[in-house]
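Please build the complete structure, drawing on both the sequences and the hints.
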Amino acid sequence: MSEMWVNMGPQHPMTHGLWNLRVRIEGEVIKDVEPEMGYLHRGIEKISEDRHYNEIITLMDRTCYVAGLAWEQLFIVAAEQALHITPPERAEYIRVLSAEFQRIASHIMWYAAFVQDIGLMTPFLYGMRDRDLILDLFQSYTGGRLTYEYMRVGGVRNDLPLGLTDRCRKVCDWLMDRFVEYDRLCLSSTPFHERCDGLGVLEAPEAIAYGVTGPMLRSAGSRRDLRKDRPYSVYDKLQFDVATATTADVTGRYLVRMEEMRQAVRIIRQCLDWLDDHPGPVMAAQLPRWLGAPYAPVGNEAYLLKRNYPTGVGFSMVEEPHGEAGAYIVNDGGEHPYRVKFRSPVLINIWASKRYLPGYRVADIPPIMGSVDVCVGECDR
Amino acid sequence: MAEPAPSPPGEAPGTEEKPLLWVTRPLATAARQFAKSLWRPSTVIYPFERLEDPKFRGEVAVASGRPIGVGEIWDNYRGVHALNINTCISCNLCAFSCPDVCIEMVTVPGGDPKHPKKCPQIDYGKCSFCGFCSDACPEGCLSMTTRYELTAHKREEMVYSPAKMFEVYKSKLPMNPIRVERPKNEDQILLDPPICIGCNACARDCPTQCITMLDIPKTTPKPGEKVPKRIWKEPVINDSDCVRCGTCISVCPKDCLFWGTRQ
Amino acid sequence: MSTITLFSASDAIAAFLLAHIAYVFPAPVKGWITSGDVVLGLASLIFGVILLGASMINTIMLIWWERKLLGRFMDRRGAMHVGFAGLLQNFADGLKLFRKDTFRPSKADSLGFWMSPTAYMVTSVVIFGILPISTGWNGGSLPLTLLLALVIFSFAPLFIFLGAWASNNKYALIGGMRSAAQMIAYEVPILLAVVAVVVLSGSFNLTTIVLEQRNYWFWAPLFLALIVFLTGMLAEMERIPFDLPEAEAELVEGWNTEYGGMLFAFFMLADYVRYLVGSILVVLLFLGGWTLPTYVPSALTSFPLAGIFWFMVKAYLVFGGFVWVRASLPRIRTDQLLRLGWMRMVPLALLSVVLAALVVAAHCLPVLGCVPSMGG
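Protein chains in written order, with numbering that gives the first Met the number 0: chain W, 0 to 380; chain P, 0 to 262; chain Z, 0 to 375.
Derived from the structure by calculation, the hints contain no laboratory data. Be aware that a few hints might be false.
To be verified - Some chain W residues judged to face chain Z by a derived CB distance under 8 Å, without partners named:
id, residue
1, 12
2, 38
3, 188
4, 193
To be verified - Anything over 10 Å on all C-beta distances counts as not near chain Z; from chain W, calculated:
id, residue
5, 27
6, 31
7, 89
8, 134
9, 178
10, 191
11, 210
12, 230
13, 235
14, 245
15, 316
C-beta: ideal position from N, C-alpha, C; glycine also.
Laid out in structure tokens, this is it:
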């Protein structure tokens with residue numbers, strides 16, 4: 000049979016969002032792939048230039064809809080650097096707690112979608128059921144289930160409600176049991192190994208050359224984790240291990256993500272203990288006026304120039320559930336950032352599919368692309 | 000991108016060594032879940048069972064396998080707004096703070112004819128439920144409730160007038176108790192005295208009535224200088240009552256009010 | 000035509016027609032009707048209609064059964080609002096599909112596109128005509144019922160591939176090719192497993208096979224054959240973990256990507272008809288058909304239609320097993336599927352044939368004091 004191009008997307012069950020993977024196949028063997036992104040481009044970077052710093056946080060939740068708090072943290076770290084604000088330590092711990100819960104939620108979402116891609120629907124429902132508990136926790140202190148709008152430049156919106164830490168601990172215990180169940184459904188299953196072992200191999204040197212980060216890189220044995228290598232927030236005070244695997248294939252990514260979830264629970268428990276012992280403010284005391292809740296009219300332009308707001312540049316890299324995300328903010332002293340740029344790990348990870356897809360079969364595309372954990376929202380921004 | 004294709008699959012270590020019919024553990028896992036959910040699956044039968052329902056605090060929540068109290072998660076929910084029209088001071092801050100520009104201040108009955116009372120009207124077609132408006136509300140009259148059902152047949156029905164939000168307020172739904180504290184080093188409204196003409200616009204429109212016009216001595220112009228045409232009054236702002244809404248700045252015809260810190 | 004004379008349902012209908020209906024007609028018509036062939040044909044027609052209705056209702060119930068079971072495996076509830084416990088949900092779905100417009104892509108081949116679902120449906124339903132459901136409850140009892148059933152069962156890849164090719168769609172084409180490859184590959188182990196049963200029972204007639212299981216059900220001596228048959232049936236039915244032809248993750252809907260509305264409903268219904276037939280075949284060949292073990296209290300077997308009742312209970316339970324597998328295993332790849340079929344299932348099936356022969360030999364050994372229980 001001669002070669003032909005097959006469009007997998009933009010409306011296709013494999014894609015989990017709006018993007019298109021053009022595949023050149025001969026029989027069932029992939030010869031070449033061409034990812035096409037941009038269907039979900041919303042211009043978030045440009046919109047950000049016209050918003051107050053805190054208002055950009057509402058966009059961050061929509062950048063990656065499964066890891067909203069991680070992206071909020073990414074932006075907040077950069078914005079605080081650009082605005083020369085130091086948040087109170089309690090706020091930092093709450094942020095780390097949120098980000099790690101978000102990592103578990105995102106990985107569970109990945110697990111659910113990935114295993115459904117290889118034809119097993121049961122984990123999807125187990126995953127969604129367990130993720131719901133994390134969303135319940137988020138709802139009880141941020142007020143939202145998907146778009147949290149919780150972090151603020153200079154702290155977080157509100158302190159944790161009473162009793163939340165105990166509820167978090169209960170959820171952590173529950174989740175640790177569920178992780179065992181997940182492994183029973185997948186790792187102990189021969190068909191799962193048949194579908195996943197040795198697929199989508201991307202060795203560490205190639206991954207680094209392509210800029211691939213996150214679990215994809217760690218599954219190749221590289222111990223690259225920004226939480227260790229370039230600690231932000233309070234990660235340098237917390238004990239955890241970097242999850243790695245050696246096979247650089249789909250199973251390796253599965254193992255890395257599962258281990259990351261367990262490590263995240265470990266981090267969360269430390270955060271909870273710290274938060275119980277250290278009450279305090281969650282918002283920086285000294286903030287520029289335009290970072291307060293109301294954004295009243297600025298008045299005359301001439302006075303705006305007189306105000307002498309601080310200028311600066313903020314750059315942050317955060318180990319987001321999908322990989323290393325970056326944010327770059329230029330603050331020229333106005334109320335809005337002058338320029339905002341985000342680095343999406345998913346975009347790079349998808350683009351490297353030119354390297355790790357050819358040679359496999361059409362039936363391998365769902366597990367391989369599923370193991371990348373595609374989130375088109377952040378990829379296209 | 001003409002890279003050499005990787006080696007074909009099937010040669011990775013571990014593929015061949017797996018036992019043939021190693022499917023018992025997943026089968027057992029599914030069967031265990033089957034036995035567990037025979038009594039009650041974790042699903043919530045949504046229109047009939049509601050998570051915000053007090054019943055869920057008890058046995059139903061436990062039976063559905065939720066390790067945390069379900070009722071507690073609703074304490075902080077950001078749903079449809081409740082507006083207490085009676086305490087609203089028409090300060091516009093909710094409309095200013097809205098990132099989606101979905102709040103419009105509309106006239107409600109109750110004000111005097113010269114200065115009609117204005118209250119927020121929210122277009123839920125645009126609203127993103129970020130809660131910035133209720134955070135910004137200085138009087139706590141705009142807050143968010145646990146109501147989340149917004150289906151409507153027409154777009155116009157998505158627009159909630161102040162009266163409709165007052166209905167929500169009166170329905171006594173649990174409301175988001177969180178009030179965001181204002182930063183301590185907040186800017187104040189400052190006056191540039193030489194420009195002011197004493198027109199009273201700021202004091203007239205101030206929602207909190209914290210601006211009073213005080214008489215100032217009439218300056219005698221030096222020879223050759225024009226006598227400024229103005230009313231000899233000057234606004235004085237009571238900082239503790241001021242909610243920093245900036246209404247005075249926007250109504251000032253001469254741009255003589257501005258944000259700043261008093262030295 | 001048959002050496003086995005069994006009381007069959009169409010004969011009963013014919014007798015009923017002769018006894019209670021025929022006398023209302025005037026003499027010449029009555030004479031024509033009662034002339035043997037006509038009344039038998041009429042009776043077969045009536046039986047066919049009853050059978051069609053019953054099989055359709057059972058098929059739709061099977062969908063409900065799968066939805067409910069799968070729901071519990073997945074910690075959810077399945078259909079629950081239309082009718083009691085969602086029993087009428089699938090009828091509602093069918094009504095919805097019936098109301099939808101059916102259309103053909105402009106570049107699809109008209110004849111193949113329309114013919115494929117119809118033929119698939121017909122060839123699937125027709126098997127019910129020859130499957131015995133209980134003592135005497137069958138349309139016709141031929142000596143080679145089992146072979147005929149399997150032959151009709153294996154028509155499917157033809158029509159699937161026809162529909163897939165005619166749709167002029169790449170996903171459909173790949174799915175159709177996978178389907179054809181898989182179904183043809185798994186014919187072999189299935190037939191070998193069936194040979195084991197035939198060796199043990201000595202007959203190709205399904206009724207005889209069931210009756211031969213009066214001492215012990217065949218799953219015990221032919222456990223290997225049962226495993227092979229179940230695996231093969233999973234592949235023939237295209238169910239997870241062998242549903243690669245409709246692997247929705249990569250092939251959208253596989254070979255029925257371009258079909259919508261009632262045409263899709265035809266494919267779906269025919270699929271479930273095949274699931275039902277597969278479950279029934281397992282019951283007939285390995286689980287004793289409509290019989291129950293002798294130690295079961297007779298109250299359980301003596302009520303009216305007890306045979307049909309227990310038969311359907313067994314068939315639904317077997318299908319429940321298929322659902323269980325679907326709830327716990329992921330889909331495997333075509334090459335792995337074929338490797339499993341040729342390199343594991345075929346040897347296992349051959350082994351089971353040998354085992355069956357050994358069991359028969361053991362029966363025949365006079366030292367063991369056994370009486371050969373050969374039928375036929």
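Query raised in the report: Hint by hint, which ones does this structure get wrong, listed from lowest number up?
Result: The structure conflicts with hints 2, 5 and 10, although it agrees with all the remaining ones.
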